[in-house]
Structure formats: C-alpha cells, structure tokens
Amino acid sequence: MFANCQLMGMDLAFPDVCKTPPAAMAPIPYPNIALGPTAIPNAWNVLFMAAPAHNMATVTPITMGDTPGAAGGLISQTFMSQSRHLTGAFTVLIMGTPATRLTSLSLQNRVNALGMRVVPSQPKVLLLAP
Numbered sequence: 003m004f005a006n007c008q009l010m011g012m013d014l015a016f017p018d019v020c021k022t023p024p025a026a027m028a029p030i031p032y033p034n035i036a037l038g039p040t041a042i043p044n045a046w047n048v049l050f051m052a053a054p055a056h057n058m059a060t061v062t063p064i065t066m067g068d069t070p071g072a073a074g075g076l077i078s079q080t081f082m083s084q085s086r087h088l089t090g091a092f093t094v095l096i097m098g099t100p101a102t103r104l105t106s107l108s109l110q111n112r113v114n115a116l117g118m119r120v121v122p123s124q125p126k127v128l129l130l131a132p
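Each residue of the sequence shown is one higher than the one before, counting from 3 in my numbering.
Take these hints with a grain of salt, some might be off.
[Claimed, not checked] Have a look at the derived ranges for each label pair, beta carbon to beta carbon:
(1) P70 - L49: 34 to 42 Å
(2) K126 - P31: 18 to 26 Å
(3) L76 - V121: 22 to 30 Å
(4) P24 - V121: 32 to 40 Å
(5) P23 - V48: 38 to 46 Å
(6) L128 - P29: 25 to 33 Å
(7) V48 - P24: 46 to 54 Å
(8) P132 - T69: 34 to 42 Å
(9) I30 - T93: 12 to 20 Å
What the hints contain is simulated information worked out from the structure, not anything from laboratory work.
Here a beta-carbon is modelled for each residue, glycine too, at the ideal position from N, C-alpha and C.
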C-alpha cells in the first residue's frame, strides 16, 4: 500500500453519529473526513516525495463533515475533533513509530467513528510490510 505523508490523502469514517439540534437532539449519522495535509506529523526529517512522512504518532487536529451535529457525538461528546491512526506497517518504523499507509484504520472525531485512509497521499512510495 502507498505510504501516508503530508502531500495529500483523506481518511473517511461513516457513520459518525452526532446529536443534531434543534429537533430534540436527534442522533443523525454523518460522514467524517480527515485531510492528510492538515495533520501534524512528528517526523519532519523523513520525507516521501518532499513531504513529511506520517506515522502512528501523527494527529489530525480537526475533521470535517459532522458540523451539523453541533451537540456532539454520541460517544465522544465532540464534533470536528481529532483523528489518529490505529494501524500501520509495524515492521516499518519512522522515528521509532510504525508508518501508516493507504487503508490504515483511523479513529476520528476523537473516539466517535472508525474510518480508514481511502485516498492515497502519494503514488510512489510503497510499504509492502505485513
């Protein structure tokens, strides 16, 4: 799978069930989107296609898509909150932490929705680790 980096990429989670005002705080499912270029990588000196590489310590501070659910998620009580990866290439370490790649699972809107990287960050660096 293609390695994740700061160049591009998108994580998608569905459903992100959030309480939506004003109608009695009805729980409604929304898509939750985290963009790779908005992430905060911790490996600034490891570059894939001239962009910092992402590992499991990389955090995306803000996500999109669940804005109408302004009363917060059912589990996290937040909306538009952070995203982080749960899986990666555990035999490829970047700054001592496993690298993430296309199809790596992510936890989005803090802990409210489980998603994965569905749009690749770049088309050249492959992580062929188990």
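> Okay, which hints does this one fail, numbers in order?
Replying inline: Structure breaks hints 2, 6 and 9.
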